[in-house]
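Once you've looked at the hints, go ahead and assemble the two chains, each given alone in its own frame, into the complex.
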Amino acid sequence: MAEEASEAATSEGQSQTTTQHPLENSWTFWFDNGSNKSKQAEWGSTIRPIYTFSTVEEFWSLYNNIHHPSKFAVGADFYCFKDKIEPKWEDPVCANGGKWTANFPRGKSDTAWLYTLLAMIGEQFDHGDAICGAVVNVRGRQEKISLWTKNASNESAQISIGKQWKEFLDYQESIGFIVHDDAKRHDRGAKNRYTT
Amino acid sequence: QHESENFTKKYSKDFLLKFQAQYCDLPEGFSIAPNVANVLLFLNANKGHNDRDSY
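Line by line, the protein sequences give chains A and B. In terms of this note's numbering, the first sequence is residues 1 to 196. In terms of this note's numbering, the second sequence is residues 1 to 55.
Same shape as in the complex, but just chain B (with noise of 0.2 Å):
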């Protein structure tokens, strides 16, 4: 639908938002400074969704 290996690769905003509830943690290798990462992320970070969802 959105792809191809010869065009543009182009994704609509609704393709998009589908896979948005679907990748809650950081990315393997995700590093930053202790005080960057206090003001940047979500205190429950890498904790998962079921975590962020509890309070």
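Excised from the complex, chain A in its bound form (with noise of 0.2 Å):
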């Protein structure tokens, strides 16, 4: 049986049942306060672990004390990525990946974001286990969701990560999948290896 039964009293004094709800993945909340990067400061060295979570009941415990995309400075990254991969280009797992990318505009992208949490620890994917994470970027005039995955080159998989996840969002807009290594070779100027 993989419920976890444990007793909690109430604030009556009386004791309960309450079942926790394990998820089939660890996964760690990632902050990075832009208000504290500087330009002296090496990409990615101010991101932070807040917490790692694995079932149901953290994750609200969680979620439900933390600001919303909404509410975070411009500049703010916030990610949640599977326990042991690092939201970075350099992380193994990450490295021969890629990431979806869907965009708002500033202040409406805190329900695409919660499906997209849900979705996630849901295993909701098809192809779930080719997922590393997700990161909402907190910019002056928009709000953008990229979801990150494993292997950028098995394009059946990409593809149908890219279609589920529009599906979750119910976004009516293209999304496209740029290359990690693409975006390393042209920064801004990479373009979608992939776009549904």
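Hint data in this document are derived by calculation from the structure and do not stem from the laboratory.
Pulled a few chain B residues facing chain A out of the computed Cβ check, cut under 7 Å:
id, residue
1, 10
2, 16
3, 27
4, 41
5, 42
Values in this document were obtained by computation on a predicted structure and should not be read as measured data. Note that the Cβ used here is the ideal one computed from N, Cα and C, for glycine as well.
Written out as structure tokens, the structure reads:
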């Protein structure tokens, strides 16, 4: 039996059984506060892990206390990645991967961010094993949510993930997939490897 | 409905959302630097759901 039952006391002093719902994967929230960045700081040096969770209950305990993207300062990046995977190109699991990105006007990504998290931790993607995690980037005029995947050359898996993600978000616009290697070589000039 | 010891633990969005209102306190042992907490967390984190509804 996968479920773990535990006893918890209510505020009335009574005891009730609460059921913990374990997730398939453990996930870590990471945060990069834009205001701490400086020109001298190497990219990625200001990212810090916040907490690793492994149950549905822990997820909500965190989510309900953490600001949503619309309340973050411009420049902030908030990540949710599988445990043991650092949200960096250099991470060996991410190194050959890429990312799908969906754009939203400033203050309009909160629901999409939540639905992205729920789809990931609930293992709703047919190719969930190919997913590293997700990040929301808060910028001056827009918020971007990106879904990082492991093996960019596996086209069918990337297309499947991209299509399902759009369905989960009810996102009507086209989204693009950029390979990390292309982004490293061409920065903002990198072209989409796939679109859907 | 959603899980078995032999299969991937899958939870639908609607199933997960049922639990949202039940877990409003930070996990025990949660600790981050104050300067990060100030920008990351609601000001009344740790105070519980009723307090958050009071303003």
